[in-house]
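Asks: Listed here are the chains, written in short residue letters.
There are 2 protein chains.
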Amino acid sequence: MSRRPEADYVVGVDIGGTNLNVGILPFAGGEPLAFRTQATEAQRGAKFVVDRVVRMIQEAMKEVMEANGRGPEAFAGIGIGSPGPLERKTGTVISTPNLGWRNFPLRDLIQNAVGLPATLDNDANAATYGEWWMGAGRGVNSLVGVTLGTGIGGGIVLNGELYHGAADAAAEIGHMTIDSTGRKCKCGNYGCVEAYASGPAIAARAIEGLESGASSVLLELAGDLQAVTAETVFEAVVLGDPYATEVMHDTAKFLGVGLANVINILNPEVLVISGGVTRAGDHLFDPLRTEVRRRAFRVAEQACRILPSGLGGKAGVIGAVACFKREKYGKV
Amino acid sequence: MSRRPEADYVVGVDIGGTNLNVGILPFAGGEPLAFRTQATEAQRGAKFVVDRVVRMIQEAMKEVMEANGRGPEAFAGIGIGSPGPLERKTGTVISTPNLGWRNFPLRDLIQNAVGLPATLDNDANAATYGEWWMGAGRGVNSLVGVTLGTGIGGGIVLNGELYHGAADAAAEIGHMTIDSTGRKCKCGNYGCVEAYASGPAIAARAIEGLESGASSVLLELAGDLQAVTAETVFEAVVLGDPYATEVMHDTAKFLGVGLANVINILNPEVLVISGGVTRAGDHLFDPLRTEVRRRAFRVAEQACRILPSGLGGKAGVIGAVACFKREKYGKV
Numbered sequence: 320m321s322r323r324p325e326a327d328y329v330v331g332v333d334i335g336g337t338n339l340n341v342g343i344l345p346f347a348g349g350e351p352l353a354f355r356t357q358a359t360e361a362q363r364g365a366k367f368v369v370d371r372v373v374r375m376i377q378e379a380m381k382e383v384m385e386a387n388g389r390g391p392e393a394f395a396g397i398g399i400g401s402p403g404p405l406e407r408k409t410g411t412v413i414s415t416p417n418l419g420w421r422n423f424p425l426r427d428l429i430q431n432a433v434g435l436p437a438t439l440d441n442d443a444n445a446a447t448y449g450e451w452w453m454g455a456g457r458g459v460n461s462l463v464g465v466t467l468g469t470g471i472g473g474g475i476v477l478n479g480e481l482y483h484g485a486a487d488a489a490a491e492i493g494h495m496t497i498d499s500t501g502r503k504c505k506c507g508n509y510g511c512v513e514a515y516a517s518g519p520a521i522a523a524r525a526i527e528g529l530e531s532g533a534s535s536v537l538l539e540l541a542g543d544l545q546a547v548t549a550e551t552v553f554e555a556v557v558l559g560d561p562y563a564t565e566v567m568h569d570t571a572k573f574l575g576v577g578l579a580n581v582i583n584i585l586n587p588e589v590l591v592i593s594g595g596v597t598r599a600g601d602h603l604f605d606p607l608r609t610e611v612r613r614r615a616f617r618v619a620e621q622a623c624r625i626l627p628s629g630l631g632g633k634a635g636v637i638g639a640v641a642c643f644k645r646e647k648y649g650k651v
Numbered sequence: 320m321s322r323r324p325e326a327d328y329v330v331g332v333d334i335g336g337t338n339l340n341v342g343i344l345p346f347a348g349g350e351p352l353a354f355r356t357q358a359t360e361a362q363r364g365a366k367f368v369v370d371r372v373v374r375m376i377q378e379a380m381k382e383v384m385e386a387n388g389r390g391p392e393a394f395a396g397i398g399i400g401s402p403g404p405l406e407r408k409t410g411t412v413i414s415t416p417n418l419g420w421r422n423f424p425l426r427d428l429i430q431n432a433v434g435l436p437a438t439l440d441n442d443a444n445a446a447t448y449g450e451w452w453m454g455a456g457r458g459v460n461s462l463v464g465v466t467l468g469t470g471i472g473g474g475i476v477l478n479g480e481l482y483h484g485a486a487d488a489a490a491e492i493g494h495m496t497i498d499s500t501g502r503k504c505k506c507g508n509y510g511c512v513e514a515y516a517s518g519p520a521i522a523a524r525a526i527e528g529l530e531s532g533a534s535s536v537l538l539e540l541a542g543d544l545q546a547v548t549a550e551t552v553f554e555a556v557v558l559g560d561p562y563a564t565e566v567m568h569d570t571a572k573f574l575g576v577g578l579a580n581v582i583n584i585l586n587p588e589v590l591v592i593s594g595g596v597t598r599a600g601d602h603l604f605d606p607l608r609t610e611v612r613r614r615a616f617r618v619a620e621q622a623c624r625i626l627p628s629g630l631g632g633k634a635g636v637i638g639a640v641a642c643f644k645r646e647k648y649g650k651v
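Chains A and B, in that order, are what the protein sequence lines are.
Using the numbering used here, read the first sequence as starting at 320 and increasing by one per residue.
Using the numbering used here, read the second sequence as starting at 320 and increasing by one per residue.
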């Protein structure tokens, strides 16, 4: 398939457990236009979420059309990033614990409602491809992305291409075991990176320490024990709270073990870390780099730059557009 | 570079900490001709080992020349597999704990002594590429190889190509942390797969249990405690010894944790396991597959066949030839 010459824009959609992001990119790339965010409200059901996404797309397209005196022919299509596992070929989400979807034909529902061709890829893959296309790892040969949030996702770019694996299931970095008899993970396994360094895991570890009598400003910030979140931990770190700083330091070490494993296996040029936790800055990156240096092979560690996201919350939308271009036209 | 039409053979060299293997392959592949094995005797120094390899190559070439009435023009070159880390471009071994080499120009020394062009790649990469070319994973798109021996090595084939990473340091599967506060590994790190499932680690775990009073035929087989090796454990398993069977079962579980990580990250079609330990057969593969099923994502686990080596001790030689062909002619 080759691009219609008048198709100057591509729609990017980033579906998350908490928020939906939509934006429109010039075909050659650039800052997302008409970018918008709304709550997912997954508990209201799959139809509600799809309707909301479709409306966000239509509104964003309208905004761009009006600003540029253009019609619907200006849009080449829609790239969608969604939690998985999913099947790219059929555009089907196989299951998403956070959204509650099973064998859900997400791509075609959006494609048919909007009337534009669409592609579907994993949300963390999309964000990683975005960082490779226009972010922290622009144009490098090999890049691994790690997204820290409610879950921990990953994406792998090798030879400038997203690597999907035999069943579109590659790059589940959050579910790498780093302590085989360790903390229980939501996936049912024990000792996954996600069981230590996801937002809820950070909060859970902080609460456990407080329950054991750690003194900290955390309780004051959160109001009560169960209200402590990763966000509260981050606030307390900024205030210089020693206990919260220790929790963050532990988080960085656990992550460092996982990232050292990734470096020992994939020896990438760049590792991009994104998500709210990265706002902790040096409190996260310093101990993380120390742990990686301690555990990864020297040659591989020295070849790898560990960087914070260059695109922040827009990586998913930008990357979904990159995935669309790659899938439909063979290159980004 | 294109192949001389009369170059009907390629020499394969597999350098290991214990043994040196040399064989000669018909250009299109096949059973190695004039295959030979000698002890490495690394303690006698680098020059000794290189001289021995060169002599083995010359003898094997002579054998093939005489049998076929051909001259030296019948050989396209030499593919070499060696422990690393190493730099393919310059043909230099950066360091090898087992052989004691540092910044050693292995490729050129052999190339100049024999008078044929040579290439150098990591030994586990070569063995993996061999399994992809002519072994257990013939022609699949994605394959990960794991070699179990004195150390644990790995190789990754993606899209039918060996994946080397940014600094030729990819696929160090043996040094993946599976227990971040676990057993000390020779690499200096804690809790690497190799610290549990290499030959010496299997022996060490077996000995620890015997020291704690486990009753077993092992002591009788080995003569004394410190003489217990992975080989003795394997013999005792064959004899039905419950303690040795438990040690093998634990080995399989530890390996399973590591392989589940590999499957969650790379989602390969095939995982090939090679090395002496695989002779334990179902005693190894049954609990290993169970652990992988327990820990890896369902979609990825179901897409992956876990297979024993198809080439056994000849994988390194065959794969080194595949590496030579790929590097010199762009395809295998």
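Treat each hint with caution, since some may be false.
Repeated chains share a single entry, so a pair holds when one copy, or any two copies, can fit it.
[Claimed, not checked] For lysine to any residue, the following SDA-like pairs were computed, each having C-alpha atoms within a straight-line distance of at most 20 Å:
1. Lys572 to Thr500
2. Lys503 to Gly649
3. Lys572 to Arg502
4. Lys572 to Gly501
5. Lys366 to Asp605
6. Lys408 to Thr359
7. Lys505 to Arg617
8. Lys572 to Asn460
9. Lys650 to Pro404
10. Lys408 to Glu588
11. Lys408 to Gln621
12. Lys366 to Thr409
13. Lys650 to Asn478
14. Lys503 to Arg613
15. Lys408 to Asp569
16. Lys503 to Glu385
17. Lys505 to Ile413
18. Lys408 to Arg617
19. Lys505 to Ala353
20. Lys503 to Lys572
21. Lys572 to Gly507
It should be emphasised that the hints constitute simulated quantities derived from the structure, not laboratory data.
Asks: Next step is simple, just say for each hint if it's right about the structure.
Replies: Evaluation of the provided hints:
In this assembly of identical chains, Lys572 and Thr500 lie within 20 Å of each other by CA distance both inside one copy and across copies; the values are 17 Å within and 12 Å between. Proximity of Lys503 and Gly649 under a CA criterion of 20 Å is satisfied in neither setting, with 41 Å inside one chain copy and 47 Å between copies. Proximity of Lys572 to Arg502 under the C-alpha cut-off of 20 Å is found in both arrangements, the shortest distances being 15 Å within a copy and 18 Å between copies. Proximity of Lys572 and Gly501 under a CA criterion of 20 Å is satisfied in both settings, with 15 Å inside one chain copy and 15 Å between copies.
In the homo-oligomer, the alpha carbons of Lys366 and Asp605 never lie at most 20 Å apart, since the shortest distance is 44 Å inside one protomer and 44 Å across protomers. Taking identical chains as interchangeable, the C-alpha atoms of Lys408 and Thr359 are never at most 20 Å apart, the minima being 25 Å within one chain and 50 Å between chains. Only between protomers do Lys505 and Arg617 lie at most 20 Å apart by alpha-carbon distance; the minimum there is 14 Å, versus 33 Å within a single protomer. In this assembly of identical chains, Lys572 and Asn460 lie within 20 Å of each other by CA distance neither inside one copy nor across copies; the values are 27 Å within and 35 Å between.
Taking identical chains as interchangeable, the C-alpha atoms of Lys650 and Pro404 are never at most 20 Å apart, the minima being 24 Å within one chain and 34 Å between chains. Taking CA atoms no more than 20 Å apart as the test, Lys408 paired with Glu588 passes between copies only; the shortest distance there is 17 Å, against 29 Å inside one copy. In this assembly of identical chains, the alpha carbons of Lys408 and Gln621 lie at most 20 Å apart only when taken from different copies (18 Å versus 37 Å within one copy). Taking CA atoms no more than 20 Å apart as the test, Lys366 paired with Thr409 passes inside one copy only; the shortest distance there is 19 Å, against 58 Å between copies.
Taking the shortest Cα distances, Lys650 and Asn478 sit within 20 Å of each other both inside one copy (13 Å) and across copies (17 Å). Proximity of Lys503 and Arg613 under a CA criterion of 20 Å is satisfied inter-copy only: 13 Å between copies versus 26 Å inside one chain copy. Proximity of Lys408 to Asp569 under the C-alpha cut-off of 20 Å is found in neither arrangement, the shortest distances being 40 Å within a copy and 39 Å between copies. In this assembly of identical chains, Lys503 and Glu385 lie within 20 Å of each other by CA distance neither inside one copy nor across copies; the values are 51 Å within and 64 Å between.
For the homomeric pair Lys505 and Ile413, the shortest alpha-carbon distance inside one copy (18 Å) is at most 20 Å, but the shortest distance between copies (42 Å) is not. Taking the shortest Cα distances, Lys408 and Arg617 sit within 20 Å of each other only across copies (19 Å), while inside one copy they are farther apart (39 Å). Within a single copy, Lys505 and Ala353 get their C-alpha atoms no closer than 36 Å, and across copies no closer than 55 Å, so neither meets the 20 Å cut-off. For a Cα distance limit of 20 Å, the shortest separation of Lys503 from Lys572 qualifies both inside one copy, at 18 Å, and across copies, at 18 Å.
Taking identical chains as interchangeable, the C-alpha atoms of Lys572 and Gly507 lie at most 20 Å apart only when they sit on different chains, with a minimum of 17 Å there against 23 Å within one chain.
Consistency note: the structure conflicts with the earlier hints numbered 2, 5, 6, 8, 9, 15, 16, 19.
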